[in-house]
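Enquirer: Top line first, the protein sequences correspond to chains A and B.
Following UniProt numbering, the numbering of the first sequence begins with 1 at its first residue and continues without gaps.
Following UniProt numbering, the numbering of the second sequence begins with 1 at its first residue and continues without gaps.
Hints in this document: simulated from the structure, not taken from any laboratory.
Keep in mind that the hints are not guaranteed to be accurate.
These stretches of chain B come out as covered by chain A in the derived footprint (C-beta under 8 angstroms, 3 or more residues) [as the list claims (entries may be wrong)]: (1) 73-84; (2) 101-112; (3) 330-343; (4) 366-372.
Which chain B residues stay away from chain A? Per the calculated CB distances, all over 10 angstroms, these [said to hold, decoys possible]: (5) Lys-168; (6) Lys-252; (7) Arg-303.
Calculated pairs, DSS-like style, for lysine-lysine (alpha carbon to alpha carbon, straight line, at most 25 angstroms) [claimed, not checked]: (8) B:Lys-419 with A:Lys-236; (9) B:Lys-225 with A:Lys-419; (10) B:Lys-225 with B:Lys-252; (11) A:Lys-236 with B:Lys-406.
Backbone N, C-alpha and C define an ideal beta-carbon position, used for all residues, glycine too.
Protein chains: 2
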Amino acid sequence: MPRKNAFYAQSGGVTAVINASACGVIETARAHRADIGKVYAGRNGIIGALREDLIDTSKESAAAIHGLLSTPSGAFGSCRYKLKSLEENRAEYERLIEVFKAHNIGYFFYNGGGDSADTCLKISQLSETLGYPLQAIHVPKTIDNDLPLTDNCPGFGSVAKYVAISTKEAALDVASMCETSTKVFILEVMGRHAGWIAGAAGLAAEEEGDAPHIILFPEIAFNHKKFMARVQRTVKRFGYCVIVASEGAQYKDGTFLSESGVKDAFGHSQLGGLAPLLAGMIKDELGYKYHWAVADYLQRSARHIASQTDVDQAYALGKAAVEYALAGENAVMPCIERGKGKRYRWSIGKAPLDKVANVEKMMPRNYITRDGFGITEPARAYFAPLIMGEAYPDYRGGLPVYVKLKNHSVERKLKRRFKV
Amino acid sequence: MPRKNAFYAQSGGVTAVINASACGVIETARAHRADIGKVYAGRNGIIGALREDLIDTSKESAAAIHGLLSTPSGAFGSCRYKLKSLEENRAEYERLIEVFKAHNIGYFFYNGGGDSADTCLKISQLSETLGYPLQAIHVPKTIDNDLPLTDNCPGFGSVAKYVAISTKEAALDVASMCETSTKVFILEVMGRHAGWIAGAAGLAAEEEGDAPHIILFPEIAFNHKKFMARVQRTVKRFGYCVIVASEGAQYKDGTFLSESGVKDAFGHSQLGGLAPLLAGMIKDELGYKYHWAVADYLQRSARHIASQTDVDQAYALGKAAVEYALAGENAVMPCIERGKGKRYRWSIGKAPLDKVANVEKMMPRNYITRDGFGITEPARAYFAPLIMGEAYPDYRGGLPVYVKLKNHSVERKLKRRFKV
Chain A
1 MPRKNAFYAQ SGGVTAVINA SACGVIETAR AHRADIGKVY AGRNGIIGAL REDLIDTSKE
61 SAAAIHGLLS TPSGAFGSCR YKLKSLEENR AEYERLIEVF KAHNIGYFFY NGGGDSADTC
121 LKISQLSETL GYPLQAIHVP KTIDNDLPLT DNCPGFGSVA KYVAISTKEA ALDVASMCET
181 STKVFILEVM GRHAGWIAGA AGLAAEEEGD APHIILFPEI AFNHKKFMAR VQRTVKRFGY
241 CVIVASEGAQ YKDGTFLSES GVKDAFGHSQ LGGLAPLLAG MIKDELGYKY HWAVADYLQR
301 SARHIASQTD VDQAYALGKA AVEYALAGEN AVMPCIERGK GKRYRWSIGK APLDKVANVE
361 KMMPRNYITR DGFGITEPAR AYFAPLIMGE AYPDYRGGLP VYVKLKNHSV ERKLKRRFKV
Chain B
1 MPRKNAFYAQ SGGVTAVINA SACGVIETAR AHRADIGKVY AGRNGIIGAL REDLIDTSKE
61 SAAAIHGLLS TPSGAFGSCR YKLKSLEENR AEYERLIEVF KAHNIGYFFY NGGGDSADTC
121 LKISQLSETL GYPLQAIHVP KTIDNDLPLT DNCPGFGSVA KYVAISTKEA ALDVASMCET
181 STKVFILEVM GRHAGWIAGA AGLAAEEEGD APHIILFPEI AFNHKKFMAR VQRTVKRFGY
241 CVIVASEGAQ YKDGTFLSES GVKDAFGHSQ LGGLAPLLAG MIKDELGYKY HWAVADYLQR
301 SARHIASQTD VDQAYALGKA AVEYALAGEN AVMPCIERGK GKRYRWSIGK APLDKVANVE
361 KMMPRNYITR DGFGITEPAR AYFAPLIMGE AYPDYRGGLP VYVKLKNHSV ERKLKRRFKV
């Protein structure tokens, strides 16, 4: 029997280091040519498999594949496409198996968050039922850091670093201007359900009085009165106030602030954007001059200031996924385990996918200060090692060198087309 | 007669490298102790002089002063405070002379943009009239890059680098997601009247089809229909569209797209919020899923990815200012002169302040493509060397090490207080 090929796909929002995991998968597979044939990647993620639109990564040079280690975003394309449940759309799963069979694929590496862990598990189960067993391994990835069983998720450490540095830098700017100008600065960051990213901004504060002075977490119900009082108190005490707001900040009833239908300071209806909304509230009630920034994709694509720890872990998890596959594992996810003791150590562990799928890990309450506006020492101890090290890319002409793969298509083998 | 002291102040919006100029001024003055006494800095800029609130920089260690080279924002505080004209408020100018006289200050170094060049010139003129001659030297600084007679302005190169890198990174993100998700990404950047910053984002495009696909300049009247057509055409052709919009984008009649009605101390409108506005327009008319980011202060404080060229020039201009003062110059501004020839070379030149004050340098029309949405080869040739080199700061614990000065006050000598 010929060696089985492998299939790799990127899923959901991309990160600064998801390609480092791809690099780990492909380089490790190449190092085991006797056991693994080619690595095919899904063009635009799982829909590439559904459409039988596969990329032949064997056409890429070793240098190009290695370049993935320092290239942000998804080199093969990713997608937001959640497979329906088996009951609702069994045809999709059957199609995947059909495509995998046609291309002699025996290993399925799915690089994503909670939804893709669930998909990965289902494919593993169904492939068995359909008599074409696949080894399905999930490679964790999400800036939201909300997967269970892993100490942290690749992608998060780099966003955390970006957000902490940006907060520190913008705060210095505001501090030096506040006597006559901007008194309040708001940085809106990602994190719809969990406040991990906003929390990491707390690392910017190294001494009493340092920014950020207020962090808004999705986990803590927004209290308008308490918030305004804190802004005012901070400006009176330190001359300025820096706020880091998670886009998922919400009222007690679960309504997002940014979806509350409130109009901004200028009477324009809100087009999305918590930062301008908060700025408008503050201007109206306290009269302070403000500035605000929305980092949006900049935060998750900022490979130029990625965390070395994050890059190392993303690569190691891709590598471990292939090693697990070679060891005969199925329906598992390599994860990060943190060693005990004061000095940070990490190693790769193994989590069963049925324990990972569809579980969201929130910030523990003891990571957030009692008043709900800051992070505690345990949180700092958790976050600090994740932003360690600066994994600078190479530069040419003042700009980072990011690889562009050739992404050659694999010849189709199936007559049937599948509409996605 | 005892050696004269020097006074140094930071003015207007701070940058990633204004402290590098401060470093150049202070280190050079320290190297000429026989000629220059102490360097006093204005706390929060020129209002520190009006209030007789001076900082004694001689209390800072050599290491702390050297740390300014890699510390963003204004280490002594800056301000948005425009002195009125001599006719309107002669008292302010007289107060400055009074304070300078009381502290035996013979050298006035003012580090700012166009408004402060004007102030610097007036102080030089008035000091003569009042019989207390001062040597007033302006040290250029503005991310807006709009000062005349200098090839470029310190602070701009680093913003340019940040904006080009961020555009490149965010574009990779969008490109990898556009099949099923975001099709349009808008990055709003600074630049009220001149499109230099937005233009620099054009460096991110290295090949045909690369982002940014559309740049909106203040210099080019916004044409709604043409803009929408271009967005649609780009999405159809490349699958996605990345737009970099200058906050100063305006209609033919000069109204800013994002006019907010709030004005700052200089009477400039406070802008912000153009990105969500454009996103809303696009969603309404073309239905594309969008994301947007507003970099705001992040772009001008991003010392973590400052341009080495910019840092070198900022320092050199501070140094040159002191050397000009020692050579007996008055009412001048050291500036950057670009050498001829293909290889980039720069040197320090000298511009008379009366030719600098209140002149704004816009993007030349031949730097902008005929269609008004991009930059030309001459523009690329102009911008490219300004972002060269990565002047990384030191890191500790995953965060950049930025100095915090002690900022000891100089004892007051005047009885009279001056309200600012």
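Enquirer: Now look at each hint and say whether the structure bears it out.
Expert: Hints and how they fare:
Coverage of the segment 73-84 of chain B by chain A holds in this model, with 9 residues showing a Cβ closer than 8 angstroms to a Cβ of that chain against a need of three. With 0 residues bearing a CB less than 8 angstroms from a CB of chain A, the segment 101-112 of chain B misses the requirement of three and the coverage assertion fails. Judged by the Cβ-Cβ criterion of 8 angstroms, the segment 330-343 of chain B is not covered by chain A as claimed, because only 0 of its residues qualify and three are needed. Under the rule that three or more residues need a Cβ within less than 8 angstroms of chain A, the assignment of the segment 366-372 of chain B is violated, with 0 such residues.
At the 10 angstroms boundary, the C-beta of Lys-168 (chain B) falls inside the reach of chain A, the nearest C-beta of that chain being 6 angstroms off. At roughly 22 angstroms, the least C-beta separation between Lys-252 (chain B) and chain A is larger than 10 angstroms, which holds for a residue marked as non-interface. A Cβ of chain A approaches the Cβ of Arg-303 (chain B) within 10 angstroms, the least distance being about 6 angstroms, so the stated non-interface status is violated. The hinted pair formed by Lys-419 (chain B) and Lys-236 (chain A) meets the criterion: a straight-line CA distance of about 20 angstroms does not exceed 25 angstroms.
At roughly 34 angstroms between alpha-carbon atoms, Lys-225 (chain B) and Lys-419 (chain A) are farther apart than 25 angstroms, so this suggested pair is violated. The straight-line distance between the Cα atoms of Lys-225 (chain B) and Lys-252 (chain B) is roughly 13 angstroms, inside the 25 angstroms bound, and the hint therefore holds. Our distance criterion of 25 angstroms between C-alpha atoms is met by Lys-236 (chain A) and Lys-406 (chain B), whose separation comes to about 21 angstroms.
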